[in-house]
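Novice: Input sequences plus hints: build the corresponding full structure.
Now for the letters of each chain:
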Amino acid sequence: MISLTILSSTLAITAAVTGIALVGLALWLAGLMSPRSYNVQKGEAYECGIPTRGESMAQFKVGYYLFAILFLMFDVECVFLFPWATIVRSLGGAGLLSIAVFFVILVLGLVYAWRKGALEWK
Amino acid sequence: MFDFSLLTDWIDNLLENTLGMPEWLATTVECVLVGLLLLTVYAVLALFYIWYERKLCAAFQCRLGPDRVGRWGLLQSFADMFKMLIKELISLNHVDKFLFALAPYLVILASMIAFAVLPWGNGLQIINFNIGIFFLIAVSSIGVLGILLAGWSSNNKFTLIGAMRSGAQMVSYELSIGLSVLTMVAFAGTMNVVEIVEAQNNLWFIFSGHIPAIIAFIIYMIAGTAETNRGPFDLPEAESELTAGYHTEYSGMHFGFFYLAEYLNLFIVSGVATLLFLGGWMPLHIPGWEGFNDIMNYIPSVVWFIGKAILLSFVIIWFKWTFPRLRIDQMLSLEWKYLLPINLFNLVLMVLIIVYNFHF
Numbered sequence: 001m002i003s004l005t006i007l008s009s010t011l012a013i014t015a016a017v018t019g020i021a022l023v024g025l026a027l028w029l030a031g032l033m034s035p036r037s038y039n040v041q042k043g044e045a046y047e048c049g050i051p052t053r054g055e056s057m058a059q060f061k062v063g064y065y066l067f068a069i070l071f072l073m074f075d076v077e078c079v080f081l082f083p084w085a086t087i088v089r090s091l092g093g094a095g096l097l098s099i100a101v102f103f104v105i106l107v108l109g110l111v112y113a114w115r116k117g118a119l120e121w122k
Numbered sequence: 001m002f003d004f005s006l007l008t009d010w011i012d013n014l015l016e017n018t019l020g021m022p023e024w025l026a027t028t029v030e031c032v033l034v035g036l037l038l039l040t041v042y043a044v045l046a047l048f049y050i051w052y053e054r055k056l057c058a059a060f061q062c063r064l065g066p067d068r069v070g071r072w073g074l075l076q077s078f079a080d081m082f083k084m085l086i087k088e089l090i091s092l093n094h095v096d097k098f099l100f101a102l103a104p105y106l107v108i109l110a111s112m113i114a115f116a117v118l119p120w121g122n123g124l125q126i127i128n129f130n131i132g133i134f135f136l137i138a139v140s141s142i143g144v145l146g147i148l149l150a151g152w153s154s155n156n157k158f159t160l161i162g163a164m165r166s167g168a169q170m171v172s173y174e175l176s177i178g179l180s181v182l183t184m185v186a187f188a189g190t191m192n193v194v195e196i197v198e199a200q201n202n203l204w205f206i207f208s209g210h211i212p213a214i215i216a217f218i219i220y221m222i223a224g225t226a227e228t229n230r231g232p233f234d235l236p237e238a239e240s241e242l243t244a245g246y247h248t249e250y251s252g253m254h255f256g257f258f259y260l261a262e263y264l265n266l267f268i269v270s271g272v273a274t275l276l277f278l279g280g281w282m283p284l285h286i287p288g289w290e291g292f293n294d295i296m297n298y299i300p301s302v303v304w305f306i307g308k309a310i311l312l313s314f315v316i317i318w319f320k321w322t323f324p325r326l327r328i329d330q331m332l333s334l335e336w337k338y339l340l341p342i343n344l345f346n347l348v349l350m351v352l353i354i355v356y357n358f359h360f
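Protein sequences appear in the order of chains A and B. Our numbering numbers the first residue of the first sequence as 1 and each following residue consecutively. Our numbering numbers the first residue of the second sequence as 1 and each following residue consecutively.
No wet-lab data here; the hints were simulated from the structure. Where is the CB? At the ideal position from N, CA and C, for every residue including glycine. A few of these clues could be false.
[As the list claims (entries may be wrong)] Think about it this way: if two alpha-carbon atoms lie no more than 20 Å apart in a straight line, the pair counts; the simulated PhoX-like pairs of lysine-lysine are:
(1) A:K122 - B:K337
(2) B:K157 - B:K97
(3) A:K116 - A:K61
(4) B:K97 - A:K42
(5) B:K337 - A:K116
(6) B:K320 - B:K55
(7) A:K61 - A:K122
(8) A:K61 - B:K157
(9) A:K42 - B:K87
(10) A:K42 - B:K157
[To be verified] Label pairs and their computed distance ranges (CB to CB):
(11) A:E44 - B:S240: 19 to 25 Å
(12) A:A58 - B:F358: 53 to 59 Å
(13) A:I105 - B:Q330: 27 to 33 Å
(14) A:L108 - B:T28: 40 to 46 Å
(15) A:L108 - B:G189: 48 to 54 Å
(16) A:W28 - B:V41: 17 to 23 Å
[What the hints assert, rightly or not] Among the chain A residues that face chain B by a calculated CB cut under 7 Å, a handful are:
(17) T18
(18) L29
(19) S34
(20) M57
(21) V88
Specialist: So this is what it looks like as structure tokens:
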């Protein structure tokens, strides 16, 4: 097994380097093989031929932000539940009871967001 | 069943003892070998998937699909990749150059590391953390950053809308993925991918996990489809409204990376579903049927894993060519008002079954 002779963290770094190498290598190859020409029209924003009006890096709808915040809340909860999930079998009823408090508060959070209308797309 | 650790042990032994390399050199050589292997498998799978999707799409639409380049058009995606390499990388005036160049790196990086976590066969896994499946979820969420950066740095209204939609969608559905994985982690009692697979020696989790495992599987497949920005959830790149969504401004090989990563993510999603629900590389074992189990053991573990993953990808591709695209409010309410409450309820059900041993 590779993972017995090399540390997994080393292999994770290897995978990351491989990913970067793939992009770098392919871009280098593309740079060698592809033609290059300059044209003023080519450098413009591609918005179906109509000239761009105004700034594109603009302010954006706040609805997306709301969902990101909700996600943050539930994701942290998910991370918190993972270690508990691995030992739930040996913890038995006591473990169930202690996590139930946390879980109920969390579900209340979802209910609150729902009642407040945070889940509606307006 | 053939254990691939024999092979890797032999290579390690060869480098260290027969060739007499010092340990650091042997490790470096092994890392390079692993990297090359990853690169090859990554590229070949991506090319295969492009061909696979095009052929399936054609079949669903009563067409032939690519059939000119190579037998059954098998070399079509090689030709496409070559074409992409010789296309010009257009330099744009209005983009944020650094972020624009950085985005493909992030997208590929996320899928490459997640790819390396998958257990391919008996003794054939690369990264073997004790928190393997958790690490996989964590790493694959880097991809969202790449897509958001791509959309923002392109400085184009289409890409910005595409990126924002993609951000909201991937972030929301990640929750469902996390919770359904959590359900199965509670059932397996471990996060190590190898141990999860070995726990399914007698019966795959989808059979032994009662109703919660089936619900988790269905939710995982829906969320996985959304996570890869495919199928009915392709609003980030809805071609009829946003030209090409977040990668509108990318050209040539730059675009190719997003294309590659999309197909590899499809494989990773179906690979994880295979690993959690369909027994990973475990052959189909039925308790009591000794002869049947022995015959199944003759099929190599790699074939089992890739076969199951490709079968699940077929389902995801089937979604894409069957359902019309959702609207963003439908997409968000599906996640937050249906999948998330069902998922939470399902988790409670699973935990009750585990703790009080309700078998039905």
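Novice: Does L29 (chain A) meet its interface restraint, that is, does its C-beta lie within less than 7 Å of any C-beta in chain B?
Specialist: 6 Å, holds
Novice: Is the Cα-Cα distance between K122 (chain A) and K337 (chain B) 20 Å or less?
Specialist: This hinted pair holds, its Cα atoms lying about 15 Å apart.
Novice: Between K116 (chain A) and K61 (chain A), does the CA-CA distance stay at or below 20 Å?
Specialist: Holds. K116 (chain A) to K61 (chain A) sits at ~18 Å (cutoff 20 Å).
Novice: With a cut-off of 20 Å on the C-alpha distance, tell me whether K61 (chain A) and K157 (chain B) pass.
Specialist: Cα-Cα ~13 Å, so holds.
Novice: Taken at face value, is the distance from the CA of K87 (chain B) to the CA of K42 (chain A) at most 20 Å?
Specialist: 14 Å, holds
Novice: Can the restraint linking K337 (chain B) and K116 (chain A) be considered satisfied, given a maximum Cα separation of 20 Å?
Specialist: Satisfied, since the Cα-Cα distance of roughly 13 Å is no more than 20 Å.
Novice: Can you verify the interface hint for T18 (chain A): is its Cβ closer than 7 Å to any Cβ in chain B?
Specialist: T18 (chain A) check passes; min Cβ-Cβ to chain B is 4 Å, inside 7 Å.
Novice: Are S34 (chain A) and chain B close enough, Cβ to Cβ, to be under 7 Å, as the hint says?
Specialist: OK, holds: S34 (chain A) within 7 Å of chain B, min 5 Å.
Novice: Given the hint of 17 to 23 Å, is the C-beta distance from W28 (chain A) to V41 (chain B) inside that range or not?
Specialist: Between W28 (chain A) and V41 (chain B), where Cβ atoms are some 21 Å apart, the hint holds.
Novice: Is 27 to 33 Å respected by the C-beta to C-beta distance linking I105 (chain A) and Q330 (chain B)?
Specialist: 29 Å, holds
Novice: Using the C-beta atoms of L108 (chain A) and T28 (chain B), is the stated range 40 to 46 Å upheld?
Specialist: Taking Cβ atoms as reference, L108 (chain A) and T28 (chain B) lie about 53 Å apart, which means the hint is violated.
Novice: Run the distance test for K97 (chain B) versus K42 (chain A): straight-line Cα separation, threshold 20 Å.
Specialist: Judged against 20 Å, a Cα distance of about 16 Å means the pair holds.
Of the hints listed earlier, those the structure fails to meet are numbers 14, 15, in rising order.
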